[in-house]
Amino acid sequence: MIINHPLLGPRDSAEFVYLGDASLIDRPDPETATAEDWHAYGYLRDNPAGELRELWFHEGGDRSWLVVTRNTLTHEITSVEMARDVARAQGRSK
Amino acid sequence: MRYSGFNVIKQALTGHKGWKPAWRDPEPKPSYDIIIIGGGGHGLATAHYLAKVYGERNVAVIEKGWIGGGNVGRNTTIIRSNYLLDGNEPFYEFSLKLWEGLEQDLNYNAMVSQRGIMNLIHSDAQRDAFIRRGNAMMLNGADAEYLDLAAIKREYPFLNFDDARFPIKGGLAQRRGGTVRHDAVAWGFARSADSHGVDIIQNCEVTGFRIENGKCLGVETSRGFIGAKKVGCAVAGSSGRLMAKADMRLPIESHVLQAFVSEGLKPVLPGVITFGAGHFYVSQSDKGGLVFGGDIDGYNSYAQRGNLPVVEDVCEGGMAIMPMIGRARLLRMWGGIMDMSMDGSPIIDRTHIEGLYFNGGWCYGGFKATPASGYAYAHLLARDTPHETATAYRFDRFRTGHMIDEKGMGNQPNLH
Chain A
1 MIINHPLLGP RDSAEFVYLG DASLIDRPDP ETATAEDWHA YGYLRDNPAG ELRELWFHEG
61 GDRSWLVVTR NTLTHEITSV EMARDVARAQ GRSK
Chain B
1 MRYSGFNVIK QALTGHKGWK PAWRDPEPKP SYDIIIIGGG GHGLATAHYL AKVYGERNVA
61 VIEKGWIGGG NVGRNTTIIR SNYLLDGNEP FYEFSLKLWE GLEQDLNYNA MVSQRGIMNL
121 IHSDAQRDAF IRRGNAMMLN GADAEYLDLA AIKREYPFLN FDDARFPIKG GLAQRRGGTV
181 RHDAVAWGFA RSADSHGVDI IQNCEVTGFR IENGKCLGVE TSRGFIGAKK VGCAVAGSSG
241 RLMAKADMRL PIESHVLQAF VSEGLKPVLP GVITFGAGHF YVSQSDKGGL VFGGDIDGYN
301 SYAQRGNLPV VEDVCEGGMA IMPMIGRARL LRMWGGIMDM SMDGSPIIDR THIEGLYFNG
361 GWCYGGFKAT PASGYAYAHL LARDTPHETA TAYRFDRFRT GHMIDEKGMG NQPNLH
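Residue numbers (our numbering), protein chains in the order written: chain A, 1 to 94; chain B, 1 to 416.
Do not rely on the hints blindly, as some may be mistaken.
What the hints assert, rightly or not - Not the full set, but computed from the structure, chain A residues with beta-carbon under 8 Å of chain B:
no.	residue
1	His39
2	Gly42
3	Asp46
4	Leu52
Calculated from the structure, these hints are not laboratory results.
All C-beta atoms, glycine included, are put in the ideal place defined by N, C-alpha and C.
Could you build the full structure based on these sequences and the hints that come with them?
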């Protein structure tokens, strides 16, 4: 698989480390989250057959986190974004 | 029809005209006591033990495609019970004992071959860890044997003992481990379940569950609604997809694992060996092909094929311990979908929906577990209590902190 890095261009996926579903960006708020929220965040996954937004870390490159939209049935990658842009757009960073 | 030497000779003398299909092809009934979703190894084993051990006669196995077409037909056929943790080892040892008597139980030749498995040791720390593992195995009634370098050289003289980076220091052997003809396991369980009255319904896809007031009443399928008092899911890599139809999210991700077979060779490899410094395992099939594999690709996938970086990694592992493998040509390779759980261990449990049960999360270790998984799942379905060897395989272990994490990797499925 080739991941089209927004800053570096097309890179071999072997340069990356895979974390999982990009919804992991939405960490529960420690001030208000219940034990159930943490259980769901830590252990439960949607695991769809089809399009999935997921977090990849460019360990063998510029060490940036990416949000890659990939089809789990075909391995086709349709979009690659910087994870920090996605997180900021969701108000995760000040 | 019972298979026997007498029958083989009789059929040989009469032109092989008397053989019957090994199982029926029935139409689904309007309802059953118990429906198993998934006609793979675990589902068919569950049906066999439900009928034979627990006396359930009104049982159906529903399969989307043909039986044995999923992971039971796509694995590297190894059986063993060399686990460390208390939640696992009694279960896998129970499974190995069932393998030992399986062919008599099923009246079917599954080619169970206890040719032994050996895990290689490459450092002093690893020796300590493996001896601890061997002791844990023996405490649970399994066999384990530490092999020093001389013993390994006697049995496997062709290994790369003096590799500069990963020299071989010893090994942990389990003589009762080995390999089984994987397809025959599915067929043998299917034939036995069928002979005890279980309906095996192929080409019947489950499209949804009928759930009312928190109770599962049956399944919607491509061949209409089928009612059931209890529904048991056993669909391996498709667990996430199936349980989403019941609005359940699971502690599971689906990943692809590749496996490889070389061209047929003369007998070179007496047992199963595993590389301790990387992830590589190899055995030789009775047809002569070297059957080997390594790590999962590491990203969520439902495609039954992987990518080249892992092919390279697996082959490097092979070359590191067994350089002669480089002279063998690869005949075929394929991928299977593993439901990787959050701690690397499986789940055999009730769900929060009454009458709906779940068996999955086997990661890439489900084949060796087939008989015990079926036995324990049948026990759960028939008695509503977990089998004594499977009490730790609960959904709520992630909530309560009772993970069974053999590799100590935490909630990161692609690392187990």
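Exercise for review: Report the numbers of all earlier hints that the structure fails to satisfy, in ascending order.
Suggested key: none
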